[in-house]
Amino acid sequence: MSEVPGDLKYTKSHEWVRLEEDGTATVGISDHAQAALGDLVFVDAPEVGTALSAGDACAVVESVKAASDVYSPVAGEVIEANEQLADSPELVNQEPYAGGWLMKLKLTDVSALDTLMDAATYEGTLDD
Amino acid sequence: MGSRTPLYDAHVGMSARIVDFGGWDMPLHYGSQIEEHHAVRQDAGMFDVSHMTVVDIQGGGAAVFLGGLLANDVGRLKEAGKALYTCMLTEDGGVIDDLIVYYLRDDWYRMVVNAATREKDLAWIGRHVQGHDVTVQERPDLAMIAVQGPNARDKAASCLPAGGADAASALSPFYATKIEDLFVARTGYTGEDGWEIILPGDRAADYWASFAAAGIRPCGLGARDTLRLEAGMNLYGSDMDETTTPLESALGWTIAWEPAERDFVGRDALEIQRKDGAPRKLVGLLLEDRGVLRGHQKVVVEGVGEGEVTSGSFSPTLGRSIGLARVPAAIGDQCLVEIRGRQLSARVVRPPFVRHGKARV
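Protein chains in written order, with numbering that gives the first Met the number 0: chain A, 0 to 127; chain B, 0 to 360.
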């Protein structure tokens, strides 16, 4: 059974979003996603300043098994990418919701988060 | 539900991620395939390889039969327990399977062949045994555990029956010995020292548990693949198949051309290819850019032609991607590989990439 923290929002493509106190959003991939991928060996994070729409492919996570695109859950501008992942991609496997975060966004429209799944709904889509 | 080895429950109990492998439910890893890989290179790891097929060839005609069936020469095996690695070929010189054969006695040889090719291999052997004084007995009652790593033999020795540890520890590489109901061979598929132990299926779970208690780490198929690739060892079905000869698969060294009078299935076709020179060969690749080599990626050799990656992965020991590729024989020491729409640079190297824990490229 994978971990699905209750305070986050989720997409069908297994990304999560956390709305921070300062109004920015942190994005990563879920525990289910990292387990399915296996040990990550490369993470190609998006460049700071990139403008994203919801659903845009914005990062690549590559494991021993396969490379996988990561899609932006909502529209926004990349204000920070997790530089630790260049040397330690395994952080995504070990702490998918904490140290393994991928990027931070300045949101175009915070209400877009309401269109995403809550934890219970996302958990219901998983068959593990 | 696929076929299950006697160790399936043990794998589940150890939190294995189970996947289908050629119709078998096998552990991909038990948490981290990269950590399992490092455990084998640095300490000791173990693999359930019970899905592989053990076939006993018995009878007075065994040596003659195998001498005509296999590309390597069992006539070289003169001491009890000595083993060799060989291909079994079609009439056209294509590889039906790769396997290890052990000489136990003049009238008893043991073959270990791949799981995925079991039916094909048994059918081929059955066809060719006609007229020979030989019986062919598959041994599905036997399980197999591979313990591998610099500390694997010491740790496993402590679990063997009293007196058996000395006999096992005295084995030279590519020799085997019987210890009570265990068949212990100093062989492996990782590039590290270790044993492959063939044992009764109903003893497998007990031995697996005692090896674990002795500090040998369970390792899955994911680590098995990255270890064998670093060691430059071929995987049947990926690096060679019935459309490729040993000479096109970096396995020329497994062909025993002498004695010249020994005819074996596929010899004539190989002789022609040896004389003319094989147009393709299997080489190692070290990716120089960020990325991961994977099977079927196109290889471009400027001014020469194209080839294909046959096996690729990320090398945990080297921290970069490595692979094997079938390319035009005239390749130099560089090429390009098409990965996700880009042409990335790769250096041609001669495997192994890693040996006894150390980088060789």
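Rather than coming from a laboratory, the hints here were simulated on the basis of the structure.
C-beta: ideal position from N, C-alpha, C; glycine also.
A couple of the hints might just be wrong.
Unchecked claim - Computed spacing ranges between beta-carbons, pair by pair:
1) Ala50/A <-> Pro327/B: 53 to 59 Å
2) Lys105/A <-> Tyr84/B: 35 to 41 Å
3) Leu317/B <-> Ser1/A: 26 to 32 Å
4) Leu317/B <-> Val59/A: 28 to 34 Å
5) Gly48/A <-> Asp8/B: 52 to 58 Å
6) Gly98/A <-> Gly276/B: 19 to 25 Å
7) Val303/B <-> Thr107/A: 39 to 45 Å
8) Asp8/B <-> Gly98/A: 32 to 38 Å
9) Lys357/B <-> Gly98/A: 28 to 34 Å
10) Gly276/B <-> Lys11/A: 51 to 57 Å
11) Thr114/A <-> Val303/B: 39 to 45 Å
12) Val109/A <-> Lys297/B: 51 to 57 Å
13) Ser1/A <-> Asp180/B: 24 to 30 Å
For each hint, the structure was consulted:
| no. | hint | verdict |
| --- | --- | --- |
| 1 | Ala50/A <-> Pro327/B: 53 to 59 Å | violated, 45 Å |
| 2 | Lys105/A <-> Tyr84/B: 35 to 41 Å | violated, 60 Å |
| 3 | Leu317/B <-> Ser1/A: 26 to 32 Å | holds, 31 Å |
| 4 | Leu317/B <-> Val59/A: 28 to 34 Å | violated, 21 Å |
| 5 | Gly48/A <-> Asp8/B: 52 to 58 Å | holds, 53 Å |
| 6 | Gly98/A <-> Gly276/B: 19 to 25 Å | violated, 54 Å |
| 7 | Val303/B <-> Thr107/A: 39 to 45 Å | violated, 51 Å |
| 8 | Asp8/B <-> Gly98/A: 32 to 38 Å | holds, 35 Å |
| 9 | Lys357/B <-> Gly98/A: 28 to 34 Å | holds, 31 Å |
| 10 | Gly276/B <-> Lys11/A: 51 to 57 Å | holds, 54 Å |
| 11 | Thr114/A <-> Val303/B: 39 to 45 Å | violated, 53 Å |
| 12 | Val109/A <-> Lys297/B: 51 to 57 Å | violated, 45 Å |
| 13 | Ser1/A <-> Asp180/B: 24 to 30 Å | violated, 42 Å |
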